[in-house]
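Asks: Sequence:
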Amino acid sequence: MSKLVRRLRTLPLRSRIALLVAVAVAAAVAAVAVTCWFITEKQLYAQLDNDLVQQAHSVKQEQMDYVLAGCRSGNSSNQHNFPGPTIQIIESDGTACTSQGDPKIPVQPADLAVAAGTSDHSVHTTDDVKGRAMRVLTVPISTQSDARIPGIAATVATPLDEITNPLTTLAWVLLLVGGVGVLGSTAAGLWIARAALRPVDQLTETVEHVARTEDLTVRIPVEGDDEIARLSESFNSMTASLASSRELQQQLIADAGHELRTPLTSMRTNIELLTRIEESGRSIPPEDRKALMTSLKAQMTELAALIGDLQELSRTGLTGAEGPLKVVSLHDTVRSAIERARLRGPELTFEAELAPWYVRSEPAALERAVVNLLDNAVKFSPDKGRVEVRLMRGTLTVRDHGPGIPDDELPYVFDRFWRSPTARALPGSGLGLSIVARTVEASGGHVALSAADGGGTIATLVLPGAPTPPPEIP
Numbered sequence: 003m004s005k006l007v008r009r010l011r012t013l014p015l016r017s018r019i020a021l022l023v024a025v026a027v028a029a030a031v032a033a034v035a036v037t038c039w040f041i042t043e044k045q046l047y048a049q050l051d052n053d054l055v056q057q058a059h060s061v062k063q064e065q066m067d068y069v070l071a072g073c074r075s076g077n078s079s080n081q082h083n084f085p086g087p088t089i090q091i092i093e094s095d096g097t098a099c100t101s102q103g104d105p106k107i108p109v110q111p112a113d114l115a116v117a118a119g120t121s122d123h124s125v126h127t128t129d130d131v132k133g134r135a136m137r138v139l140t141v142p143i144s145t146q147s148d149a150r151i152p153g154i155a156a157t158v159a160t161p162l163d164e165i166t167n168p169l170t171t172l173a174w175v176l177l178l179v180g181g182v183g184v185l186g187s188t189a190a191g192l193w194i195a196r197a198a199l200r201p202v203d204q205l206t207e208t209v210e211h212v213a214r215t216e217d218l219t220v221r222i223p224v225e226g227d228d229e230i231a232r233l234s235e236s237f238n239s240m241t242a243s244l245a246s247s248r249e250l251q252q253q254l255i256a257d258a259g260h261e262l263r264t265p266l267t268s269m270r271t272n273i274e275l276l277t278r279i280e281e282s283g284r285s286i287p288p289e290d291r292k293a294l295m296t297s298l299k300a301q302m303t304e305l306a307a308l309i310g311d312l313q314e315l316s317r318t319g320l321t322g323a324e325g326p327l328k329v330v331s332l333h334d335t336v337r338s339a340i341e342r343a344r345l346r347g348p349e350l351t352f353e354a355e356l357a358p359w360y361v362r363s364e365p366a367a368l369e370r371a372v373v374n375l376l377d378n379a380v381k382f383s384p385d386k387g388r389v390e391v392r393l394m395r396g397t398l399t400v401r402d403h404g405p406g407i408p409d410d411e412l413p414y415v416f417d418r419f420w421r422s423p424t425a426r427a428l429p430g431s432g433l434g435l436s437i438v439a440r441t442v443e444a445s446g447g448h449v450a451l452s453a454a455d456g457g458g459t460i461a462t463l464v465l466p467g468a469p470t471p472p473p474e475i476p
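So in my numbering the end of the sequence shown lands on 476, straight run, no missing numbers.
No lab work stands behind these hints, which were simulated from the structure alone. For clarity, every value in this text was computed on a predicted model and none was experimentally measured. Ideal placement from N, C-alpha and C gives every residue a C-beta, glycine not left out. One or more hints might be untrue.
[To be verified] Listed next, with one range per pair, are the computed distances between beta-carbon atoms:
1. P466 / E289: 30 to 38 angstroms
2. T351 / D217: 51 to 59 angstroms
3. L244 / D203: 19 to 27 angstroms
4. V34 / L205: 35 to 43 angstroms
5. R278 / G446: 52 to 60 angstroms
Generate coordinates for the entire structure from the input sequences, incorporating the hints supplied.
Replies: Structure, rendered in structure tokens:
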């Protein structure tokens, strides 16, 4: 059985469907044919037995008297050859006398029981002396006054050909019809399998085309709303997502290459300058050397920050190396970020109003996002300026009093590597706000920048609350 199953698995799906359809139809046809044959056989036998009973009642008054008289006189010429069933007289000692011209039928114990008066009748099948199958009915013999004659019974028998011949014909007809049905079902199964699997063939060809050419613009026509249509829609959605992902990846690589080129070019220029000076044997004034080294250090810091931002953006979700999502105290995270921002802008004044709020996020990623918002405020705040931070019911606002962002630039502030023309001289990679947007959206919230009343920019970050605070917080 296991070998058969393994063999079936090696067949193409189309062939397996056709084979299963053929087997199912063959089993159904076989079951119907066998049931029909047995029911017909039972009905024919019942009809034959009923005919034998009627024949026994119709012949016992005349034919049986002649057969009985001939048997008792021992002169078979006195017997009349009546048309119809074979009639045989049986005595209780086993003596049998058959009507003239009919072959004798072997006497069975059931027949003797009827002759002896211990049984009312007997119905069975046996062969006569010529080997012909006979259906036999044995009944007691009675006089014209219906008085039973003791020790004698009469057998009425008819050939089984009138049953076996129709049954044989029926068997051949059923076999022929069943064979035609199986062949037709096999052909229908092949046609159904071919028609049903045509969309799958198209999907397979499309997948092979995509794998061979990496062409993600190919789409499969969607017809109807069945499982094949849903599969086609899913494939189209998958290829569209892959195409968008590849486009974003290529854009990220191009933007990263462009942004990396600037610090690398500056570093190479400074290093080449130092190398030429060393090779020429000239000395560099201490002030100039210090300036070059400071520039190199700043460029290396900028390059490291850019690489870190790229790594942060390359992560696919908030369940990466820094840990899974968990319940985080947002107010504590903001308070910690403010302390870090104070180090970057010691001359600035930070005003904080933080109400307790708990969210589900990745702690490190969430703190980085808040730090980026505060860094943006520190970067654009004037000397000895003020940064206002407020957290109330899941809404965090960070307001600076800097020059603000023009209205025509607000739609682009969260794009990767985008930097305002007025801010290109300031340090930064253009990825900070992109990281903020990505982290907030992954946590189920949203973030926006807008112009503040009285000048400056206000950043609004909204995060949904967690069901319960962290276990360690009462």
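Asks: Range first: 19 to 27 angstroms. Now tell me if the beta carbons of L244 and D203 are that far apart.
Replies: Since L244 and D203 have Cβ atoms about 22 angstroms apart, the given range 19 to 27 angstroms holds.
Asks: Has the hinted range 52 to 60 angstroms been met by the Cβ atoms of R278 and G446?
Replies: holds, 56 angstroms
Asks: Is 35 to 43 angstroms respected by the C-beta to C-beta distance linking V34 and L205?
Replies: holds, 38 angstroms
Asks: Using the C-beta atoms of P466 and E289, is the stated range 30 to 38 angstroms upheld?
Replies: Check failed, 55 angstroms falls outside 30 to 38 angstroms.
Asks: Within 51 to 59 angstroms or not, the Cβ separation of T351 and D217?
Replies: Check passed, 58 angstroms falls within 51 to 59 angstroms.
The structure fails hint 1 only (numbered hints given earlier).
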